[in-house]
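Protein chains: 8
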Amino acid sequence: MDIHKLEQLLKKVRSGKTSVDQALVQLKSLPFEDLGFSRIDHHRGLRTGFPEVIWGKGKTTRQILTIIKQLREKGHNILVTRLEEKKAKIIQRRVPTCQYHLRSQVLTCLTHPVPLSGKGTILVVTAGTTDIPVAEEAVVTAELMGNHVETLYDVGVAGIHRLLSERKRLETARVLIVVAGMEGALPSVVGGLVDRPVIAVPTSVGYGTSFGGITALLAMLNSCASGVGVVNIDNGFGAGYLASVINRL
Amino acid sequence: MDIHKLEQLLKKVRSGKTSVDQALVQLKSLPFEDLGFSRIDHHRGLRTGFPEVIWGKGKTTRQILTIIKQLREKGHNILVTRLEEKKAKIIQRRVPTCQYHLRSQVLTCLTHPVPLSGKGTILVVTAGTTDIPVAEEAVVTAELMGNHVETLYDVGVAGIHRLLSERKRLETARVLIVVAGMEGALPSVVGGLVDRPVIAVPTSVGYGTSFGGITALLAMLNSCASGVGVVNIDNGFGAGYLASVINRL
Amino acid sequence: MDIHKLEQLLKKVRSGKTSVDQALVQLKSLPFEDLGFSRIDHHRGLRTGFPEVIWGKGKTTRQILTIIKQLREKGHNILVTRLEEKKAKIIQRRVPTCQYHLRSQVLTCLTHPVPLSGKGTILVVTAGTTDIPVAEEAVVTAELMGNHVETLYDVGVAGIHRLLSERKRLETARVLIVVAGMEGALPSVVGGLVDRPVIAVPTSVGYGTSFGGITALLAMLNSCASGVGVVNIDNGFGAGYLASVINRL
Amino acid sequence: MDIHKLEQLLKKVRSGKTSVDQALVQLKSLPFEDLGFSRIDHHRGLRTGFPEVIWGKGKTTRQILTIIKQLREKGHNILVTRLEEKKAKIIQRRVPTCQYHLRSQVLTCLTHPVPLSGKGTILVVTAGTTDIPVAEEAVVTAELMGNHVETLYDVGVAGIHRLLSERKRLETARVLIVVAGMEGALPSVVGGLVDRPVIAVPTSVGYGTSFGGITALLAMLNSCASGVGVVNIDNGFGAGYLASVINRL
Amino acid sequence: MDIHKLEQLLKKVRSGKTSVDQALVQLKSLPFEDLGFSRIDHHRGLRTGFPEVIWGKGKTTRQILTIIKQLREKGHNILVTRLEEKKAKIIQRRVPTCQYHLRSQVLTCLTHPVPLSGKGTILVVTAGTTDIPVAEEAVVTAELMGNHVETLYDVGVAGIHRLLSERKRLETARVLIVVAGMEGALPSVVGGLVDRPVIAVPTSVGYGTSFGGITALLAMLNSCASGVGVVNIDNGFGAGYLASVINRL
Amino acid sequence: MDIHKLEQLLKKVRSGKTSVDQALVQLKSLPFEDLGFSRIDHHRGLRTGFPEVIWGKGKTTRQILTIIKQLREKGHNILVTRLEEKKAKIIQRRVPTCQYHLRSQVLTCLTHPVPLSGKGTILVVTAGTTDIPVAEEAVVTAELMGNHVETLYDVGVAGIHRLLSERKRLETARVLIVVAGMEGALPSVVGGLVDRPVIAVPTSVGYGTSFGGITALLAMLNSCASGVGVVNIDNGFGAGYLASVINRL
Amino acid sequence: MDIHKLEQLLKKVRSGKTSVDQALVQLKSLPFEDLGFSRIDHHRGLRTGFPEVIWGKGKTTRQILTIIKQLREKGHNILVTRLEEKKAKIIQRRVPTCQYHLRSQVLTCLTHPVPLSGKGTILVVTAGTTDIPVAEEAVVTAELMGNHVETLYDVGVAGIHRLLSERKRLETARVLIVVAGMEGALPSVVGGLVDRPVIAVPTSVGYGTSFGGITALLAMLNSCASGVGVVNIDNGFGAGYLASVINRL
Amino acid sequence: MDIHKLEQLLKKVRSGKTSVDQALVQLKSLPFEDLGFSRIDHHRGLRTGFPEVIWGKGKTTRQILTIIKQLREKGHNILVTRLEEKKAKIIQRRVPTCQYHLRSQVLTCLTHPVPLSGKGTILVVTAGTTDIPVAEEAVVTAELMGNHVETLYDVGVAGIHRLLSERKRLETARVLIVVAGMEGALPSVVGGLVDRPVIAVPTSVGYGTSFGGITALLAMLNSCASGVGVVNIDNGFGAGYLASVINRL
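Chains as they are written, first to last, in this note's numbering: chain A, 50 to 298; chain B, 50 to 298; chain C, 50 to 298; chain D, 50 to 298; chain E, 50 to 298; chain F, 50 to 298; chain G, 50 to 298; chain H, 50 to 298.
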C-alpha cells in the first residue's frame with residue numbers, strides 16, 4: 050500500500066464511502082513494509098548529520114563512483130573505507146574534491162563542512178608504530194563525524210614510562226580509543242588509569258601466535274580493567290564510529 | 050622514600066644542611082613507587098562514588114568477609130560478583146544488610162544510598178529468557194553505579210515484531226546493553242534502530258556449535274551495524290560498568 | 050498508537066475534524082510497533098497447526114508449567130525439548146495427559162489430535178545406536194507436526210551392506226533425516242542414493258577428536274553429495290521441524 | 050559376473066544342466082559389483098533431468114573440455130562451477146554455445162531447453178552487495194535445474210526496514226535461500242517471518258574475526274529460528290541444488 | 050527380493066514359464082540389498098576369527114547383556130570396550146566367564162581359546178605411567194585377536210637412555226604401538242630406531258595446552274620419522290586392532 | 050673416545066698395562082656418542098634397500114643438487130618430494146637420468162633397478178580426481194620402495210556403486226592407501242569392506258569448512274571402521290612409506 | 050651386553066684368546082643400551098642435588114607411597130606435584146615428615162636439608178590473588194631446589210601503581226617468575242622494567258574467552274618485551290624448575 | 050613539573066619562601082610522568098650495552114634509515130630484524146658499514162665493537178636444515194649482545210644418534226636454544242640430557258597439521274623435560290635475547 054492508496058482510503062472515509070470499521074480492518078493489516086516512505090526514515094545519516102559510509106572492499110571503482118555521485122547529490126558527506134590507493138586515484142580524478150588518506154586507506158568526500166557535534170576530545174592511543182594505520186582510520190572517521198581528535202602513538206606497555214608520562218592527556222580525554230596488536234595489553238593499563246570509556250581495537254600486527262590479531266582481541270576481551278568495550282580486529286572505523294556516538298551524549 | 054624521609058630532606062634543604070643541587074639529585078632519582086601515598090590516589094572507587102567490586106569466584110567466604118569488613122569501615126558500597134548462593138548466605142548472616150541477587154549471583158552491601166549519577170536511562174535488552182541472569186548482573190551493577198535502568202527481555206530476532214513493537218523504548222534509552230546467546234544477532238538489529246552506543250554481551254546460552262558463547266561473541270564482533278562495542282562472554286558486570294561510565298558523560 | 054486511537058483518528062477524518070492530509074502525516078509516521086494486534090499475527094503456531102515449542106533447558110519446572118497452562122488454555126499442542134526426566138515427572142503429575150519420551154528427553158502435551166499435514170514419509174536414519182536419542186527427538190517433533198515418520202537405525206558406513214539392503218526404503222521417503230556422530234559420513238552416502246532433500250544432523254557421539262560433534266558437523270558441511278542441508282550438533286528438533294516444513298510443500 | 054555369464058547360468062537352469070539349488074548358491078554370492086550395468090543406474094542426472102555438474106576448480110581446461118564433450122554427446126545440460134574467467138573463455142571459443150556467468154564464475158552449456166520442474170518460486174536473499182556472487186551461483190544452479198528464481202539483495206539486518214518492506218515477497222516464495230557474511234544474522238530474521246524452508250549460505254565476506262565465513266556459519270547453525278538448514282561457506286551451488294530438490298516435491 | 054522369490058524365479062526359468070531374457074531383466078535390476086543373506090557375508094568377525102567388539106559407552110547394562118548373549122550363542126569371542134566397572138560387575142555376575150580389565154576398562158568374554166594368528170610380536174610402548182590404561186586397551190585387544198604382545202612402559206623421551214637401553218626389544222618387534230600424551234614425541238624417536246610399522250596413539254594425559262591429547266595427536270601427525278600411522282586420541286582399541294590386521298600379513 | 054683410543058685401550062689390556070677392572074671402569078663410562086662409527090649404523094637406507102629421501106620444499110636447487118650428487122656416489126636411489134617443476138628442470142639438466150613426476154611434484158633418480166621387496170599389491174584409492182596428485186606421491190614412493198602398486202581413482206562415497214563395483218580389487222590388495230578430501234568418508238567405507246590395513250590420507254581438497262584438509266583428517270581419525278591408521282594432510286609420501294614398511298612384513 | 054659379558058671379553062683380550070681387532074669389532078657394535086649401569090648415570094637428581102619429582106595426578110596413593118619409600122631409601126628429597134589433599138593426608142599418616150602445601154597442592158618430603166645453590170633471589174609475581182596457587186607451586190619448587198624466593202602478589206596491570214611502587218624489588222631479583230591469568234599482560238610490563246630473565250606462567254584464571262588460560266598464554270608468547278620465556282598453563286612447577294636452573298648459573 | 054621547576058621549589062624551601070609542609074604537598078602530588086628525565090632512565094640499551102633493536106617488518110625503508118641515523122649518532126649498535134633483502138640493499142648503499150644476514154633477514158650496524166658480556170657458550174641447535182634461518186636470527190642476536198655462540202644443526206629426533214653423538218657439546222653449553230618445526234620434539238630430548246636452561250623456539254616449518262608452527266609450539270609447552278622455556282613461533286630474535294640475558298647472570 051503506497052501513500053497514494055492510503056490517501057484514497059482516507060478520502061473514502063471522509064466521503065463516507067468506507068466506514069470507519071472497514072478502514073480499521075484495512076489499516077490493521079496494513080503491511081508497514083509497503084509504505085515506501087518508511088525507507089526514508091531509515092536514512093539516519095542525513096538526520097543525524099553523520100556521513101554516509103561505503104565499505105570499499107569488494108566493490109568496483111565504477112560501483113563506488115555511482116554511489117558517491119548519488120550521495121553527493123543528496124548533500125551527504127561521504128566516507129569510503131578499505132579503499133585501495135589505485136581505485137582511490139581514479140575516483141579522485143573524477144571527483145577532485147575527494148581526499149585520500151593513504152595510511153588508513155580511507156577516502157573522504159565533503160559536500161559541506163563537518164559541524165562539531167562531539168562534546169569532548171577523543172584520544173586515539175597506539176601501542177606501536179605499526180598500529181598507526183588502524184588508528185588513523187579511527188581518527189578520520191571520528192573527525193568526519195564531528196569530533197575533536199588527538200593522538201598518542203607508540204606508548205606500548207613494555208616501556209610503561211612512555212605511557213605514564215602522558216597521563217594528563219589520557220585523563221583529559223572524554224573517550225579513548227586504544228589500538229594494539231601483539232599481546233594487546235595496552236587497553237588494560239589505560240583502562241586502569243582513566244574513568245572514561247575505553248574502546249579497544251585489536252590489530253593484526255604481529256606474527257606466529259599473534260594469529261592475525263586474535264591474541265590481541267582475546268586479551269582485550271579479558272581485560273582486568275573495567276570500562277572497556279572491544280571491536281573487531283583492525284576495525285578502526287567501528288571504533289571511531291562508536292566513540293563518536295558516545296561523544297555526542 | 051616514604052613521606053617521612055621526604056620531610057627530612059626538605060628540612061635539610063631549608064636548614065642548609067643539604068644544598069639545592071644535592072636535593073635535586075636525590076629527587077631526580079626519586080622512585081615514585083616508593084611514595085606510599087601514591088596508592089591512595091588509586092582508590093578511584095571512593096573518589097568517583099563507584100562501588101568497590103570483589104570478584105567472588107575463587108575466593109573463600111572468609112576472604113570475602115574480610116574484604117567486605119575493611120571496605121565497609123571506609124564507607125564504601127560493595128559489589129560482589131559471581132558469588133555462589135551458599136557463600137552468600139553465610140555472608141548475609143554476618144552482614145545482614147547485604148542483599149543477594151539470586152538470578153545474577155551478585156551480592157550488594159550498601160553503607161550509604163547510591164547517588165544518581167547517570168544522566169539518562171540504561172536499557173538492558175535480552176534475546177531470550179535464559180539470557181536474563183547475565184542481564185541482571187548488568188542491571189544490578191549499573192544501578193549500584195547510580196543509573197536508572199530499564200529492561201526489555203525476550204525480544205530475539207526470530208520474532209522481529211516483538212522487538213519492533215518496543216521501538217520507542219529503544220530510542221529513548223541513552224545507553225543500551227544487548228544480551229544474547231546462540232547466534233548473537235540481536236545487537237546488529239538493535240544497533241540499526243538506534244543512534245546511541247550499544248554494548249553487546251554474548252552469553253553462553255546454547256548448545257553444540259554455540260561453543261559456550263563463542264558464536265554469539267564472533268557474531269557481535271562482526272556486527273554490520275555501527276556503534277557496537279563488545280565485552281567478554283557472560284560479562285554482565287563489565288557491560289553494566291561500561292554503560293555507567295558512558296552514562297555519566 | 051493502539052487500535053482505539055486509530056479508530057479515533059478515522060472518526061475525525063470522517064467527521065471532517067481532521068483533514069486527509071493531516072491524517073496522512075499521522076499515519077505515515079505510524080509506528081507499526083505500537084499496534085498491539087500485530088503480535089497476534091506472529092502466533093504462527095496456531096495459524097499453521099504446528100505445536101508450540103518450549104526449550105526446556107535452563108527453565109525451572111514452575112516456569113514450564115506456567116507456560117504449558119497458558120498454551121493449553123489457547124488450545125495449543127505443546128512440545129517441550131531438552132527436559133530432564135526429573136522435571137518431566139513433576140509436570141506429568143500436574144498435567145497427566147502429557148507424555149514424556151525418555152530417550153529423547155522430550156515432553157508432548159496434546160489438547161487435540163495432530164492432523165496429518167505432511168504429504169509423504171519422513172525417514173529418520175542413524176549411523177549407530179548411540180545416535181538414537183537425537184533421532185528420536187526428530188521423530189517426536191515431526192510426528193507432532195503432522196507427519197508419517199519411519200526410522201532406520203544403525204546403518205553406519207563401515208558396514209555399507211546394512212544401508213544398501215534398505216535402499217528401497219531410502220528411495221520411497223519424501224524427506225530424509227540422517228543422524229550421525231564420529232566421522233559423520235552417512236549423509237554423503239545416503240545423499241548419493243536418493244533424489245530427495247537430506248537433512249544432516251551431527252551428534253556428539255564419539256571421543257577424542259570427535260570434539261563433541263564438530264568433526265561430524267564439518268564432514269556433513271563438506272559432503273560431496275548434493276542436496277544436503279545441515280543443522281546444529283544434536284539438534285534433532287531442528288531437523289524434525291525443517292523436515293516438516295518441507296514435507297508440507 | 051557380467052551379463053553374458055548370467056545369461057549362460059540361466060540357460061543352464063532352463064536346460065536342466067544346473068539345478069535350481071546350484072544356481073541359487075551361485076546367485077547368492079553374486080557380487081553385485083561385477084554387474085557392469087549397475088553403474089548406468091547411477092546416472093541420476095539423465096534420469097531426473099538435472100544437469101551434470103563439473104567442479105571446475107583444480108581441473109585443467111583440457112580436462113573440462115573433454116568432460117563437456119562427452120556429456121554433450123549424451124545430451125546432458127552441463128554446469129561448471131568455480132571456473133576462472135580465463136579458462137571459461139578458452140572453453141567458450143571451442144564450445145560457443147556455453148555461457149559464462151562472470152559474477153558467479155559459473156559456466157552453463159545447454160543441449161536442450163531446461164524444463165520447468167520446480168513447483169514454486171525460489172527466492173534468493175542477500176544481506177549485502179558483496180554476497181551477490183555467491184547468491185548468483187545459487188540462482189544459476191536453480192534455474193538450470195528448472196526453477197523460477199527471484200532475488201532480493203542487500204537487505205541486511207542492520208537496516209531491518211529494508212527487509213520488512215519486502216515481506217510479501219518473502220511470504221510468497223516456496224523455498225528461500227538466504228546468503229550472508231559477517232555476523233550471518235539474516236537467516237534467523239527471515240526464518241522468523243516465513244513458514245517455508247530456509248537454506249542458509251554463509252559467505253566469506255568480512256575481515257578479522259569473520260574468519261572467512263566461520264562466524265556467519267556458526268551463527269546460522271545456532272539460529273533461534275526453526276526451519277533453517279545450512280550449507281558450506283560460499284556454497285551457492287549446494288544451496289541452489291538443495292532448493293531445487295525441495296521445490297520439486 | 051528375498052531368497053524365496055529368487056528360488057521361485059529360477060524354478061520358473063527351469064520350467065519354461067519364464068524365459069531367460071525375462072529372467073535376465075529381472076536379475077539385472079536385482080537390488081542386491083534385498084538379499085537378506087548378504088548381511089551374513091558381513092560377519093567378518095566369525096570368518097576371520099576376530100572377536101566381536103561392543104562399544105560399551107552409552108549402552109545400558111541390559112543392552113550389553115543382550116548382545117553378549119546373542120554373540121555367545123553364535124560362538125563368538127567378545128570384547129566390550131569403554132565399560133565402567135559398575136556395569137562390568139553386573140555383567141560378570143550374569144556371565145561369570147567374562148573377565149574385566151580394570152585399568153583399560155575392557156571386558157572380554159571367551160567362548161573358545163584365541164588361536165594365535167599374528168606372525169610376530171606386537172610391542173606396546175608408553176611414554177609415561179599414566180599412559181598405561183590406553184596401552185592396556187591395545188594389549189587386551191591385540192591378544193584377543195590372536196597376537197603375542199609385549200610391553201615396554203615409561204620410556205619417555207626426556208630420559209632417552211631408558212628407551213635406548215631397550216633398543217633390542219624395539220628392533221625385534223614386528224609391529225609397534227607407541228602410546229604418549231603431553232608433547233607426543235615418542236613415536237618420532239621410536240620410528241627413527243626401527244624399520245617396522247609404528248602405530249602412534251595420542252593420549253589425553255597432560256594439562257593446560259595438552260588440550261586433552263590434541264597436542265600429542267598433532268605432534269604424531271607431524272612426525273619427522275617415516276613409517277608412522279596415527280589413530281584417535283586414547284584409541285588403544287583401534288591401535289590394537291590395526292596392529293593385529295598388520296601382524297597377520 | 051674414537052676408535053683409535055679404543056684400540057689403544059684394548060692393546061694395553063692385552064699387554065697387561067691396564068687391568069681388566071681399570072678397563073671396565075673406562076668402558077662403563079664410554080660415551081657411545083663419541084664413537085664416530087655409530088653414525089654409519091644409522092644409514093638404514095642403504096641397509097634396507099629403501100631410497101634416500103630429500104624433502105625438496107625450502108631447499109635451494111644448489112643444495113638439492115649437492116645432496117643428490119653425494120648420494121649417487123654412494124649408490125643410493127633418491128626420492129625428492131615437494132619439488133617445484135622449475136627446480137626439477139634445472140636438476141634434470143644436470144642429472145639427466147632423474148625423472149620428474151609433474152602431478153605429484155616428485156623427482157626420482159635411480160642408480161640401480163628397484164628390487165621388488167613388497168610381498169603383495171598396494172592399492173591406492175582416491176575419492177575424487179583432485180585427490181590424485183597426493184595419491185601419485187604415494188604411488189611413486191611405494192614403487193621406489195619396491196612394491197607393486199595399483200590405483201583406483203574417483204570412487205567417492207556419494208556414488209557408492211563406483212566403489213562397490215571394484216570390490217574385488219579392494220579385497221585382493223595386501224595394503225590399501227585411501228586418499229580423500231572434503232568430508233573424508235572413503236576410508237570408513239573401504240575399511241568396512243576389507244580385512245587389510247588401511248592407511249588414510251586426508252587431502253586439502255575442498256573449500257570453506259574443509260579447512261585445508263582438517264575436516265577430512267578429523268573424519269578419518271574418527272572412522273567407525275577398525276583397522277585404519279592416518280597420516281598428515283596431503284602426506285602421500287608418508288602413506289607410501291608406511292604401506293611399504295607393512296608390505297615387507 | 051651386560052657388565053659381566055664385558056668383563057669376560059676384556060679377560061679374553063688380556064689372555065690373548067681374543068685379538069684386539071676381534072674385540073674392537075665386538076665393541077664397535079656395542080649397544081650402549083645393553084649397559085645396565087648407564088641408567089645410573091641418568092639419575093641427575095642425586096648428582097645435581099635437585100629433588101626427585103613425582104607427578105601426583107593420575108597416580109594412586111599406593112603408587113605414590115611406593116615411589117616415595119624407594120626414593121627416601123636412596124636419600125632423595127622428594128616433591129610431589131598436583132596431589133589432592135585427600136591423598137596427601139593418607140601419605141602424611143604413613144610418612145609423617147612429609148609436608149603438604151594446601152594452596153599449591155604440593156607435597157614435600159625431605160631426607161636432608163636443602164643446600165642453597167641459587168646465587169640470587171627468585172621473585173614470584175602475580176597479577177591477582179586467584180593466581181596465587183600456581184605461584185605457590187613455583188615457590189615451593191624453587192625453594193626445594195635451593196633458592197631464596199620472594200613473592201609479590203596482586204600487582205596486576207589495571208592498577209599499574211601497585212606494580213611500579215615495588216619497582217626496587219623487581220630490579221633486585223636475579224630471576225623473575227610472573228604469573229597471570231585473564232589477559233596475561235603482566236609479563237610484558239615487568240619485562241620492560243627489568244634486565245633479568247622473566248619466566249611467564251599463564252593461569253587458567255578467568256571465564257568465557259579466557260579459554261582456561263589460552264588467552265593469557267598467547268598474550269605472553271606475543272609479549273612486546275624481550276627476555277620473556279613461557280611455560281605451560283598453570284605450570285608453576287615448570288617455572289620454578291627453570292628459574293632454579295637459571296639461578297644456579 | 051620539569052627539573053627547572055623542581056629547582057625553583059627547592060630554592061624557595063631553602064630561602065624560606067615555601068614552608069616544608071607546602072613543599073611536601075606539592076611533591077606528594079608530583080606527577081612522575083612530568084619528569085622529562087625519567088625517559089632517559091628507560092634507555093636500557095645504552096646502559097646495558099645491548100644493541101637497539103628495530104622490528105623491520107611493516108616499516109618503510111625511509112623510516113628505518115631515519116631511526117638508524119639517529120641511533121648511530123648516539124653511538125648505538127643496531128639490530129634490524131625481519132628486513133627484506135630489497136630494503137636491506139637500499140639501506141646498505143646509504144650506510145655501507147651495515148651488514149645484512151640473508152638467511153635470517155637481519156641487518157646489523159655496528160658503531161663500536163661488541164664487548165663480550167656473556168659468561169659461557171650459547172649453543173643453538175636445530176632439528177632440521179629448514180629451521181636454520183630462525184636459528185641464525187638467534188645466533189646474530191646473541192652475538193651482537195656479546196656472547197660466544199656455537200651451532201649444532203640438523204640433529205632431529207628421528208635420527209637420535211646424530212644428537213647423542215654430540216652430547217658433549219650439549220653438556221658444555223651454558224644456555225641452549227633449541228629450534229624445531231614439525232612435531233617440535235627436540236627440546237624435550239635435549240632438556241633431558243642437560244642441566245642448563247633450554248629455550249625452545251618453534252618454527253613454521255612443516256605442512257598440513259603443522260599449522261604454521263602451532264604443533265611445534267604446543268609440543269614444546271607440554272615438554273615432559275623440565276627446564277624448558279618457550280618463545281613465539283619463528284622468534285629467533287626473542288630466543289637470542291633471552292639467552293643473552295641469562296648468559297650474563
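Heads up, some of the hints might be wrong.
Claimed, not checked - Cut-off 20 angstroms, straight-line C-alpha distance, at most; resulting in silico cross-link-like pairs (EDC-like, lysine to aspartate or glutamate):
(1) C:168 to C:133
(2) E:123 to E:133
(3) F:168 to E:244
(4) A:60 to C:56
(5) G:106 to G:70
(6) E:168 to E:220
(7) C:66 to A:101
(8) D:108 to F:203
(9) C:108 to B:70
(10) C:108 to B:133
(11) H:108 to A:101
(12) E:106 to E:122
(13) F:66 to G:134
(14) H:66 to B:70
None of these hints come from the bench; they were simulated from the model.
On a predicted model such as this, the values are computed, not experimentally measured, just so you know.
A quick look at each hint next to the structure:
no. : hint           : verdict
1   : C:168 to C:133 : 33 angstroms, violated
2   : E:123 to E:133 : 25 angstroms, violated
3   : F:168 to E:244 : 16 angstroms, holds
4   : A:60 to C:56   : 15 angstroms, holds
5   : G:106 to G:70  : 53 angstroms, violated
6   : E:168 to E:220 : 15 angstroms, holds
7   : C:66 to A:101  : 41 angstroms, violated
8   : D:108 to F:203 : 13 angstroms, holds
9   : C:108 to B:70  : 73 angstroms, violated
10  : C:108 to B:133 : 19 angstroms, holds
11  : H:108 to A:101 : 32 angstroms, violated
12  : E:106 to E:122 : 23 angstroms, violated
13  : F:66 to G:134  : 61 angstroms, violated
14  : H:66 to B:70   : 18 angstroms, holds
Of the numbered hints given earlier, the model fails hints 1, 2, 5, 7, 9, 11, 12 and 13; all others are met.
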